[in-house]
Amino acid sequence: DAMVIQNPRYQVTQFGKPVTLSCSQTLNHNVMYWYQQKSSQAPKLLFHYYDKDFNNEADTPDNFQSRRPNTSFCFLDIRSPGLGDAAMYLCATSTVNTEAFFGQGTRLTVV
Amino acid sequence: GQQLNQSPQSMFIQEGEDVSMNCTSSSIFNTWLWYKQDPGEGPVLLIALYKAGELTSNGRLTAQFGITRKDSFLNISASIPSDVGIYFCAGRSGGSNYKLTFGKGTLLTVNP
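So the sequence lines, in the order shown, correspond to chains S and P.
The first sequence: position 40 = 1043 (my numbering), numbered continuously.
The second sequence: position 9 = 140 (my numbering), numbered continuously.
Among the hints, erroneous ones may be present.
To be verified - Computed from the model, here is a short list of chain S residues facing chain P with C-beta under 8 Å:
id, residue
1, Phe1018
2, Val1034
3, Leu1049
4, Asp1054
5, Asn1100
Treat the hints as calculated values from the structure; they're not laboratory data.
These figures come from a predicted structure and were not determined experimentally.
Backbone N, C-alpha and C fix where the C-beta goes; we use that ideal spot for every residue, glycine too.
My request is simple: use the sequences and hints to build the entire structure.
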């Protein structure tokens, strides 16, 4: 059974139209990560949470924001998507110092 | 910031051959993870390493946590066509730093 679930698997949005991607977990892990992955590249960390403590990477654009209303759910909000934001977005969870498990990802297309 | 150098970038091998790939870090890590990613899917965890010198196997896969804590390798023995994919190493420095840093990946192609 899937332990980290991302919805939707595929998302098409218009240039400049806000979009939200969601992630849920059944593992009760206190750390959640959001990564951006472009074609043939390594996942790039956008931000991560330790419980409700938010940690933003220095080079994450202001256009990207996140919410974690509870342990199980985390959202990635892209306020004004540009063509350069088209990518696979990956959510992962872990405990403090153990392995991280990934969801299947959301492929975002910007038209 | 932390950097991971993963090599080789790509490999083309014949079915049945053994494969080795490695990662080196500019700083000490306390966790090394190896993932496989198929096209259009999220990375799937293969092996997790937590102690310097640790050698861990998962079927035909074997990975080791380097004793300097700055490197790790992954070996695949007797490769099969379904081993095709991108393999990523990832590391975490620990303490209050929960960030997981990824290598650039090794693209493996297996010719039947």
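Tested hints:
{"no.": "1", "hint": "Phe1018", "verdict": "violated, 23 Å"}
{"no.": "2", "hint": "Val1034", "verdict": "holds, 5 Å"}
{"no.": "3", "hint": "Leu1049", "verdict": "violated, 11 Å"}
{"no.": "4", "hint": "Asp1054", "verdict": "violated, 11 Å"}
{"no.": "5", "hint": "Asn1100", "verdict": "holds, 6 Å"}
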